[in-house]
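Start from the sequences and build out the full structure, keeping to the hints where you can.
Just so you know, the protein sequences line up as chains S and W, in that order.
Each step along the first sequence adds one to the number in this note's numbering, with nothing skipped, and position 277 is 277.
Each step along the second sequence adds one to the number in this note's numbering, with nothing skipped, and position 92 is 92.
Incorrect hints may appear among the rest.
Claimed, not checked - A short, non-exhaustive set of chain W residues, derived as facing chain S with CB atoms under 8 Å:
1) R194
2) T195
3) P198
4) G200
5) T210
6) S213
7) K214
8) K233
9) F236
10) E242
11) F246
Simulated from the structure, these hints should not be mistaken for lab results.
Note that the structure is predicted; figures quoted are calculated from it, not measured.
For every residue, glycine included, the Cβ atom is placed at its ideal position computed from N, Cα and C.
Take a look at the letters that make up each chain.
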Amino acid sequence: MSVATPGKVAYVNARIIDPATGFDGPGELLTIGEEIADVGRKLFEGRAPTDVQVIDCGGQILAPGLVDMRVQLREPGEEHKESLKSGCEAAVAGGVTTMVGLPNTNPIIDDEATVEYVARRARKQALTKVYVYGAATKGLQGKELAEMGLLAEAGALGFTDATKAIADAQVLRRALAYAATFNFLVIQHPEEPSLANGVMNTGEISTRMGLSGIPREAEIIMLERDLRLVAMTGARYHAAHISTAESVEIIARAKARGLNVTCDTAPFYFALNEMAVGDYRTFAKLSPPLRTEEDREAIVEGLRSGIIDCIASDHAPHDQDSKRLPFAQAAFGGSGLETLLAVSIGLHHSADMQLIDVLRRLTIEPATLLGLDAGRLAKGKKADLVIFDADRGWKVVADEFRSKSKNSPFDGQPVQGKVLRTVIDGRSVFNAQ
Amino acid sequence: MRDPVFPHRHLLGIEGLTPIEINHLLDCSERYIALNRGEHKTTEALKGRTVINLFFENSTRTRTSFELAGLRLGAHVINMQVETSSVTKGETLIDTAVTLNAMHPDVLAVRHSDSGAVKLLADKVNCGVVNGGDGSHEHPTQALLDALTIRRRKGKLNGLVVAICGDVLHSRVARSNFYLLLTMGARVRIIAPRTLIPSGIDRLGVEVFTDMSKGLKDADIVMMLRVQHERMKGSFIPSVREYFRFFGLDRAKLSQAKPDALIMHPGPMNRGTEIDSDVADDFERSAIREQVELGVAVRMAVLEILSQNNALHAQTGGAT
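Listed below in structure tokens is the structure:
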């Protein structure tokens, strides 16, 4: 084996997929130091230069590392559920090279110091790049505007009250108007709180199980209302984790009207339906709740058509104690980083979506939306890459997660699509072997 | 005899005034500047007349300015500070008007926290009424004194670029200034966060900016508006420090404006909130003290003209 100059790596024998350019085909990629130096069909005329470390991708897919636009990292405040270290380790195992944390930490991210604290702590891990959203309202209380301008200067990528809806219409109106001043993105958890006192989707199943329901209308009503305020203020609005068929229609209409609106969904909502709650499985207690099969199908269709712009893991780590409770008392949310890619690739295998389109919603779309210089394979860009086998099957074993949180609704399920290697700034930070 | 150029009984707002009327008011004001600066500051123009300052809202500077204006014209000036209770507001206002009217004043200078209240009162009295500021509607003497300040410093109003920055949503000063400046051919820009920009404002003919550096670019006049502290605790603005960072006038932002740009503020200033002391006290560029000075001259001219215009009316008791 030749002596490799550190920092020069050639990825050969790959199927390169870059949604940003639409390229999908055999190719090679060279990184020098932290950056992509070149990418193309044939860079080395059959033999790589001797001063380069060669990684044979074995015909597997080489794509931009995933950009996960919605995760909850419990540091600072609840490190026993997830720390930046465990969260970043889970992320690289999932092929995620950039992720954005919600501001519902403790302390809440509503001042610059906390934005900077998280950035500094995450840099120390030298793994997945971590950004955060700032709180839209002080203390996530839904009453007074947070210092969006100063938070953005500190690095906040957008503004949201995390897992709470900005429910008061006047407050949302002002938050949107204020954000529009600076062209900031406002991200809403679209759920009318007065309708969301239940624990699972309202319907036949909740009735049979004797569980209180959260009707689909909680999401529909909030979205409809919000979009009126978006039209009024001209703000940039993003609806997180949409879960109902009507939500897709509402977003489609808003886009057709030319509103500055985007949305995402999480794998839970296109891979599962309310039946997953089954025998009171608290791992399937999510927010918003898993919906009907018709909703799930509509979410898949929304991803296929592009009405749904992005896929985010909505990673919501919890400790065992928060989930080993009667269903009604258990915490909402599931671990999602390590199953993000595999479950999303399910859209390719079972819903006939092109792989490049699945990856688009996981890379360039969220990166562009958030103004991040990530999610593409181009000369001069940071070498944040994932190599994966789209076909290899494996079984989700939550106990083997790198995340501290084992609360996966996919636990025990077979999935197809395995992350083989994750590269951040030119360094391999995860290698499945 | 009525003033031939400005024959109105009241000055309730700038909206609707013609350039000729505005220029006339400014010309008449000009005459009193020298008088105010001299040793002997009184005339007998309004000898024997009565001016009542009727303030339903706290004010020190405007009330004092009207009071001085009346006194220097030789009129009797009475100050009435009326506390308003929200429950009885409408009733009190008309009752007060009827009561005062019976005392035969010549001019009432009225301030009220409700938009339109001064007009309501003017409809019920036989004397002249000058609006000393009504709610978020108009403050015509402020716009006139601003215009006089600008005209004296820049020699004209026409063609100037005036950037008005701050709480436009709640500002009567801003509205009166839009009307006046646009009528006189100036270009008006407003600069504010979107939460403080009233809807439909672009229909008034002003240009809207949310980025202060862009809005101040090549401006001739930088007019800062006061922002109430209670609006900066999260309802419209997240905090004072954020407001100052993005919308407070400091040297750096001011450098975008023309080198000889004039800085104005209707007062009272919140230093460190909407304006840096360094800029506010810049002797070369700040016209803030001059605005206060010219305010007295403007109010003298207005009181004199309205008093004249109502003289005949008061005698005959007829309505116009």
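Hints and how they fare:
Here the hint on W/R194 is kept, as its CB sits about 4 Å from the closest CB of chain S, short of 8 Å. Annotation: interface hint on W/T195 holds; nearest CB of chain S at approximately 5 Å, less than 8 Å. With its C-beta approaching chain S no nearer than about 11 Å, W/P198 sits outside the 8 Å limit, and its interface hint is violated. Taken as an interface hint, W/G200 does not check out: its beta carbon lies about 12 Å from the nearest beta carbon of chain S, beyond 8 Å.
At a threshold of 8 Å, the smallest CB-CB gap from W/T210 to chain S is about 4 Å, leaving the interface hint in force. With a cut of 8 Å, the hint placing W/S213 at the interface with chain S is violated, because the nearest CB-to-CB distance is about 13 Å. Hint on W/K214 is violated. Least Cβ distance to chain S is approximately 12 Å, over the 8 Å limit. Look at W/K233: its Cβ gets to within about 6 Å of chain S, closer than 8 Å, so that hint holds up.
Given hint, W/F236 at the interface with chain S, holds; its Cβ is 7 Å from that chain's nearest Cβ, closer than 8 Å. A hinted interface residue such as W/E242 counts as satisfied when its beta carbon comes closer than 8 Å to some beta carbon of chain S; here the least separation is about 4 Å, so the hint holds. The restraint placing W/F246 at the interface with chain S holds, with a minimum CB-CB distance near 5 Å, inside the 8 Å limit.
Hints 3, 4, 6 and 7 from the list above are not met by this structure, while the remaining hints are.
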